Structures are given as structure tokens and as C-alpha cells.
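Here the protein sequences come in this chain order: A and B.
Each step along the first sequence adds one to the number in the working numbering, with nothing skipped, and position 135 is 135.
Just remember that the working numbering sits 194 ahead of the position in the second sequence, which is counted from 1.
Don't read these hints as lab results, they were simulated from the structure.
Just so you know, these numbers come straight off a predicted model, no measurement behind them.
For each residue, glycine too, the CB sits at the ideal point set by N, CA and C.
One or more hints might be untrue.
Label-pair ranges, simulated between beta-carbon atoms [said to hold, decoys possible]:
| # | chain 1 | residue 1 | chain 2 | residue 2 | range |
| --- | --- | --- | --- | --- | --- |
| 1 | B | Gly299 | A | Gly139 | 43 to 49 Å |
| 2 | A | Thr66 | B | Gly258 | 53 to 59 Å |
| 3 | B | Glu287 | A | Pro39 | 22 to 28 Å |
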Amino acid sequence: MRLKKPTLVAISAVAAAAALCGIILGTQASFTAQTSGSPQPVTAGRLSVELSTSPGGGDTITIDFTEADPGDVWPRNGAFALTLTNTGDLDGTLTRLESIEVSDTGTPPLSRTLEIASSTRAAQDWNDPVLTWRRIATGAEPSGRPIPTDRLALPAGQDRVLYLKVRLADAGDDRDHTESSTGFRLKVTVEQQV
Amino acid sequence: MKKRKILILGAAATTSALLLSIGGTYAYFTATDTTPSNEITAGDLTVEINERSPDGTSGPLKLGLVAPGGQWPASPRDSYSLVISNSGSILAEFEALDLTVTSEGTGNTPDLSEALEVRYGMVAGAREPDWGRGSGWIRLESGSVLETLRRAPATVPAGTSSELRFQLRWPNGTPEHDNRFQGADTEFVFSVRLGQV
Numbered sequence: 001m002r003l004k005k006p007t008l009v010a011i012s013a014v015a016a017a018a019a020l021c022g023i024i025l026g027t028q029a030s031f032t033a034q035t036s037g038s039p040q041p042v043t044a045g046r047l048s049v050e051l052s053t054s055p056g057g058g059d060t061i062t063i064d065f066t067e068a069d070p071g072d073v074w075p076r077n078g079a080f081a082l083t084l085t086n087t088g089d090l091d092g093t094l095t096r097l098e099s100i101e102v103s104d105t106g107t108p109p110l111s112r113t114l115e116i117a118s119s120t121r122a123a124q125d126w127n128d129p130v131l132t133w134r135r136i137a138t139g140a141e142p143s144g145r146p147i148p149t150d151r152l153a154l155p156a157g158q159d160r161v162l163y164l165k166v167r168l169a170d171a172g173d174d175r176d177h178t179e180s181s182t183g184f185r186l187k188v189t190v191e192q193q194v
Numbered sequence: 195m196k197k198r199k200i201l202i203l204g205a206a207a208t209t210s211a212l213l214l215s216i217g218g219t220y221a222y223f224t225a226t227d228t229t230p231s232n233e234i235t236a237g238d239l240t241v242e243i244n245e246r247s248p249d250g251t252s253g254p255l256k257l258g259l260v261a262p263g264g265q266w267p268a269s270p271r272d273s274y275s276l277v278i279s280n281s282g283s284i285l286a287e288f289e290a291l292d293l294t295v296t297s298e299g300t301g302n303t304p305d306l307s308e309a310l311e312v313r314y315g316m317v318a319g320a321r322e323p324d325w326g327r328g329s330g331w332i333r334l335e336s337g338s339v340l341e342t343l344r345r346a347p348a349t350v351p352a353g354t355s356s357e358l359r360f361q362l363r364w365p366n367g368t369p370e371h372d373n374r375f376q377g378a379d380t381e382f383v384f385s386v387r388l389g390q391v
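Could you put the whole structure together from the sequences, leaning on the hints where they help?
Structure (C-alpha cells):
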């Protein structure tokens with residue numbers, strides 16, 4: 001029987017396809033083995049800090065400047081206590097203290113005459129000349145600025161106290177702050193210990 | 195003799211010759227034998243993987259309380275291990291080695307894998323990893339581990355193992371970025387396929 005050319009071509013194609021299938025099937029016939037491991041969980045910790053100026057609360061501290069003279073300090077005795085509570089599960093460190101949201105009424109602004117200092121020691125000598133006092137605001141930083149502070153370790157679940165003192169600076173220009181007031185908030189930054 | 199008689203004699207002679215030939219064949223000696231049964235057994239290819247911590251304990255890493263700036267394990271000499279054992283009887287090669295992140299973020303908390311990086315190194319046996327021949331630090335995300343390695347892993351002879359070593363780290367970002375991951379978690383699994391060489 002003589003086959004026509006188209007028939008021969010078709011048969012060749014089928015043969016070629018069959019050969020390819022043979023190759024593919026041959027590859028699939030190799031042994032393989034597969035398995036998976038156990039789930040590997042990774043969980044991030046939490047770092048959260050709460051501030052309070054009195055036991056159990058974040059009460060506002062009000063200072064009465066009536067009859068105040070340059071160099072006067074508040075409170076007259078001791079210091080304001082700012083309690084930091086680490087409510088997270090990571091140990092932290094106090095790395096930054098700053099005044100923020102400074103608002104003044106009256107001119108010149110009282111915030112630029114008031115100074116603040118901080119200490120991590122309850123028995124701090126507030127007359128120590130080494131202590132750094134910092135204006136609450138300046139013309140360049142009218143809404144707040146960093147306040148020097150020691151680094152304070154703050155373990156998870158524990159409290160630490162930061163002591164603060166405020167004084168009326170001697171500006172040397174006999175500024176009149178009659179009926180002036182200022183308000184500000186303190187912000188602390190706590191970083192996790194790596 | 196007439197022609198017909200001659201033909202009959204010829205036919206008889208031929209028949210006799212054929213009968214003699216057949217008789218001769220029956221007279222040959224014969225002997226038969228069978229070889230012992232030839233048994234052919236296929237080899238097997240089996241792969242097992244086990245996780246191991248730097249202290250040598252087995253099991254998933256279960257890493258908790260991670261935070262930005264950290265690296266786990268902290269020392270580059272230490273690493274987590276994925277021990278890949280060819281427990282079959284034939285030489286094998288890696289066909290696939292993949293990592294799959296199986297978790298997703300919840301609510302406003304993204305998946306922790308978005309903050310983490312991983313680096314891989316493949317070693318035969320219990321040697322220290324050569325991180326320079328590994329993947330370098332790359333994002334912790336689903337995909338082929340093999341394709342990240344600068345040097346393809348060696349074959350795995352029967353009864354031996356190779357180890358995929360890895361470390362994790364959390365690069366420091368901005369507080370705004372990193373704080374989104376507080377309390378976040380992630381989970382991933384490795385899968386491996388070995389093929390006959």
C-alpha cells in the first residue's frame with residue numbers, strides 16, 4: 001500500500017509526539033520524596049508606657065505663681081513625681097523627655113521664663129550646679145523642646161519615678177508676667193531594650 | 195520401467211528419507227536447565243526534616259517577644275537548622291525547597307513577616323554556615339529558598355543529611371513603621387522535595 005504524503009506527515013507527527021510523551025513519562029518515573037516541616041511561629045513583643053502624676057491617675061499639676069520671684073522653685077519642698085509604668089511585655093528604657101503642646105496667654109510668654117529640670121533620684125539636690133535647667137519653650141521652639149534626663153531602665157510590668165522641679169528663671173530684664181499663664185504637657189519616649 | 199512406476203518409487207524413497215530424518219532428530223540428546231530466580235528490588239527515596247535550635251534541641255523555633263533591632267540567634271555563628279535527611283537508599287538531589295508564610299495580619303495589625311528578614315545558608319552535616327555563599331539578608335516571604343542561594347546545594351547521599359541554616363532579624367525602622375507590629379505574629383513552614391539523581 002502506498003501512503004500519500006499528507007498521511008506520512010501525520011504519522012510522523014504522531015510518532016514524534018509519542019516519543020516526546022515517552023521522554024516526559026520517563027522523567028516522571030524518577031523517584032521523588034516530599035515533606036513539610038512544622039509551623040515556625042514568631043511573635044512580636046509589646047512596649048507600652050503609662051504616665052501618672054499622682055497615684056492611680058494622670059492629674060493635671062497646677063502651679064500658682066502669685067507672689068513669685070525669679071529663682072523661686074515649685075514645689076517648694078521635694079519634687080513633682082512622674083510615674084512611668086511599663087504595661088507591655090518588653091523591657092524598656094526612658095530615652096527622651098520633652099515638653100509639648102505649650103500654650104501661653106499674656107506677653108511675654110511665661111513658658112519662655114519658666115525652667116524645668118528632671119532627675120531619676122528622689123534625693124536629688126536641686127541646687128546642684130551640675131543639674132541642667134531648660135526653658136519650657138523658646139522663640140525657636142515655641143511649642144515645646146527636649147528636657148535633659150537620665151536614661152531610666154523600665155522593666156516590663158514595673159514602675160519607675162521621674163522627679164521634676166520647676167523654677168522661674170531670672171531673665172534679668174524685670175519681665176512682667178501679670179495675669180500670664182502657660183500650659184504644657186510632658187512626653188516621654190521609651191525604647192525597647194534589644 | 196514405465197514412467198509411472200518410476201514416479202511411485204521416487205515418492206516412496208522420499209517418504210522413507212523423511213521418516214529416517216525425523217527418526218534421526220528424536221535420537222538427539224537434549225538437556226535443559228533454569229537459572230536461579232533473578233530478584234530486582236527498586237531503591238526507595240524518603241526525605242525527613244527536623245527543626246533544631248542553636249542549643250541543639252529539636253522542634254520549631256517558637257520565637258517570642260521579638261522587637262526592632264534584634265537578630266535571632268544574636269551571634270552569626272549560631273543559627274536555626276532545618277535538618278533534611280535522605281532516609282532512603284538512593285542518591286538524591288534537591289528539586290524544591292520552599293518557605294511558605296502561612297499567617298496573615300489581623301485587623302489593623304499587619305503580619306510580622308512584613309517586618310522581618312531572613313538569611314539562608316546550606317551546609318552538609320553539622321558544619322558552620324558560610325553566609326557569604328547563602329542568600330544574604332532578604333525579606334521573609336513565601337517562595338523558593340533554593341533560588342536565593344548563591345551556590346546550589348550538593349546532592350544528598352542515601353543515609354546522610356544536609357542542613358538549611360537560617361537566621362532572622364528585624365531591621366530598625368521608624369517608630370511609626372515599627373510600632374504597627376507591636377504584638378503582631380507570623381508563622382511559616384518549610385517544605386522540601388528530593389529527586390532521584
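A quick look at each hint next to the structure:
| no. | hint | verdict |
| --- | --- | --- |
| 1 | B:Gly299 with A:Gly139: 43 to 49 Å | holds, 45 Å |
| 2 | A:Thr66 with B:Gly258: 53 to 59 Å | holds, 55 Å |
| 3 | B:Glu287 with A:Pro39: 22 to 28 Å | holds, 27 Å |
In terms of the numbered hints stated before, the structure departs from none.
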